[in-house]
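Protein chains: 2
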Amino acid sequence: MISVEEALARILAQITPLAPTHVPLSESFGLVLAEDIFSGDDIPPFANSAMDGFALRSQDSQAQDGKPARLRIIGSIPAGYVVERAIEPGTAMRIMTGAPVPAGADAVIQVELTQGAEANSEWVEVLEKVAPGNNIRPAGEDIQRGQLVLARGAEINAWAIGLLATLGYAQVPVIRRPRVAILGTGDEVIDVGEVLQPGKIRNSNSYLIEAATRQAGGEPHRLGVARDTVESLRENFATALSHDLLITSGGVSVGDFDLVKDIMREQGQVDFWRINMRPGKPVAFGQIGGVPLLGLPGNPVSTAVTFQLFAGPIIRKMLGHTRLVKPQVEVIVEDGVQEQVMRRHYVRAHVTWNGSAFVARTTGSQGSHIMTSLLNANAFVIVPEGGVKIHPGERANAMMLDWPEVEVNI
Amino acid sequence: MISVEEALARILAQITPLAPTHVPLSESFGLVLAEDIFSGDDIPPFANSAMDGFALRSQDSQAQDGKPARLRIIGSIPAGYVVERAIEPGTAMRIMTGAPVPAGADAVIQVELTQGAEANSEWVEVLEKVAPGNNIRPAGEDIQRGQLVLARGAEINAWAIGLLATLGYAQVPVIRRPRVAILGTGDEVIDVGEVLQPGKIRNSNSYLIEAATRQAGGEPHRLGVARDTVESLRENFATALSHDLLITSGGVSVGDFDLVKDIMREQGQVDFWRINMRPGKPVAFGQIGGVPLLGLPGNPVSTAVTFQLFAGPIIRKMLGHTRLVKPQVEVIVEDGVQEQVMRRHYVRAHVTWNGSAFVARTTGSQGSHIMTSLLNANAFVIVPEGGVKIHPGERANAMMLDWPEVEVNI
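Those protein sequence lines, which keep their order, are chains A and B.
For the first sequence, numbering that gives the first Met the number 0 assigns the number 0 to the initial residue and increments by one for each residue that follows.
For the second sequence, numbering that gives the first Met the number 0 assigns the number 0 to the initial residue and increments by one for each residue that follows.
Keep in mind that the hints are not guaranteed to be accurate.
Note that identical chains are pooled: a pair holds if it fits in a single copy or bridges any two copies.
[To be verified] Subject to a maximum C-alpha distance of 30 Å in a straight line, what follows is the list of computed DSS-like cross-link-like pairs (lysine-lysine):
no.: 1; residue 1: 260; residue 2: 66
no.: 2; residue 1: 280; residue 2: 128
no.: 3; residue 1: 128; residue 2: 388
no.: 4; residue 1: 280; residue 2: 260
Keep in mind that the hints were calculated from the coordinates and are not lab data.
Because the structure is a prediction, the values reported are computed rather than measured.
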């Protein structure tokens, strides 16, 4: 048996980020930048007003003989427009937030600190002295032309999209999403819409993998369920060749009678591993026709756990991410883990912050066919190898499934 | 000025979850269940084998006179098929993982604990005594027919999708996604693909809001940018009426010269609030033609912060969620917050777990037009109202933007 860490290291060594492409800005959310982004402009592009008020010469704002300075209004500058006229001594212009500061002005006083300047008034009284630069945002204060703004490899979140829009990137250079083929296997598996027949179960794994693939950033394509015949398996593997990754479920157990392993070996180079973990001991990894293949076990809980540990990091590495795995924190395991398992045990649990520590409660029966153990689970409590018991209230590490990924630490 | 909490409470009081609908299972990810889900079947639907091995009568597994029990192989049961024949004393059947346990058998022994049973062998030797029920998963062990499996109001994650598939839900009853109209305003705003002209800036807010809306679970529709004319604003507000929510940016400041507020008032009932926060003091909220309207300020950082605080919870409440706001944790503010602000200050920061505590570092200049302060921020450090200074190393609460939402605590 190999360790989870060794399996993950071997898998990731075979995976490389996909090719760069360009996508429209609106579709770039969650993708990884394929190039450094430098600014072609100063941002803001011109000195502009931070307030609605009056542009003036700061030295003109000084009260005289206890009376407020009185300035002649010589124009009005809405946002989006440039005036040719300049501010001269004793004059001011109305100015809106975001409008360019006119020549001659070195300050803006907000409208609340003036009086007498109703709609048609020709004069405004300035109630406070302002310093040079008051309420003016200089050109380039945020970003200077030529500055590196976003580095290659950064994940594009909503805020980065705002920045890319500001810089004029209608198209964004990104690493493309992996196309992931998802294949169920087994004569016992029928589709979701079908009525159960004796001996049959519905295909849950393909739908689970589809959703988890989308969540990880991949573009899922369900190929359906391969029958346990040479023809059906060959045909489905052939279809998978037009994808970037093939994820199968079922048919990879060490003792399996079925054909899946034979066909995987026939079509490519696939190793069958026994991983020192529970659930999910049997996992296959290799390639068929150059397409990476990850074979997950057939039990739904095993599928869910092994997807999280191995498929998620593969998809994220293909997407160009460097943060590939879910983070771990120390938790207090309120109800403990009584069952002693020799393999490393990933126990489904719900973790909450109690104000001073993270507290985990396990989610019931932990059999690999007990799907309800996944309900309400937002973490895996990690019980180390060797038959370790965690008594109620003892501490353990937990993998936090709802938190953003971190770098692999193996 | 009203507090953030009061503003949020007033807003949420006006928002109700949208109507239930049915969507295909594959499209239900992230949505909220509109009905309780009861199981129509036992899961597993029939007693089945947990291993590849041999189905037998447990009492037949006992060694005799120091020799392993020897059983006649009378059949083979692949997964997906039911055999009519029953196990009789002294016999066994090959059985695959997941295959139905035949009548007469009360245990399965895994293939690794047998010998002599090569492909065509008629006999198998049993190397260990097994107990009744060994390696058998009883029908209904995970879920019993009629059991409540997923409650109305639950968010559908990848694992719930696996469960729904198991239960045969090809269509899922969910609360539909809100259609969110997004409208920029202002003559100074040009589209992303355009060349900057004097006095103009590119439309970043609409793209930022679009991405953040999608992230929150809404279905964004960018309406473009309304010009500062009565006609343009009326036309755009009319288009917004076919949506569930209208989010605008710009034009809501107290001192604004522009038309946006007039038209909002003309078309519906909209209040303009000054919220005791920075960035993002001016926010509008109300409705036009019965469609809720949220008016965010025009500065991009203000837009980002107010979206997080107000628009995210609106969209989530429409989606039927009860967990609406980002959680807060206590952090050590490594570099402190020197600037004293009378309003509550949401300081962009990057928070990491240092092994024993969460540590925040702020992300540079915090002006509301400094978009680069959003880069690398995964949290807002919350500096309380009243000009509080946070010295380097002191503690404060931070809102964790990458973590899943929690219930509103106001």
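A quick look at each hint next to the structure:
no.: 1; hint: 260 / 66; result: neither (93 Å within a copy, 34 Å between copies)
no.: 2; hint: 280 / 128; result: between (75 Å within a copy, 24 Å between copies)
no.: 3; hint: 128 / 388; result: between (72 Å within a copy, 27 Å between copies)
no.: 4; hint: 280 / 260; result: within (16 Å within a copy, 63 Å between copies)
Hint compliance for this structure: hint 1 alone is broken.
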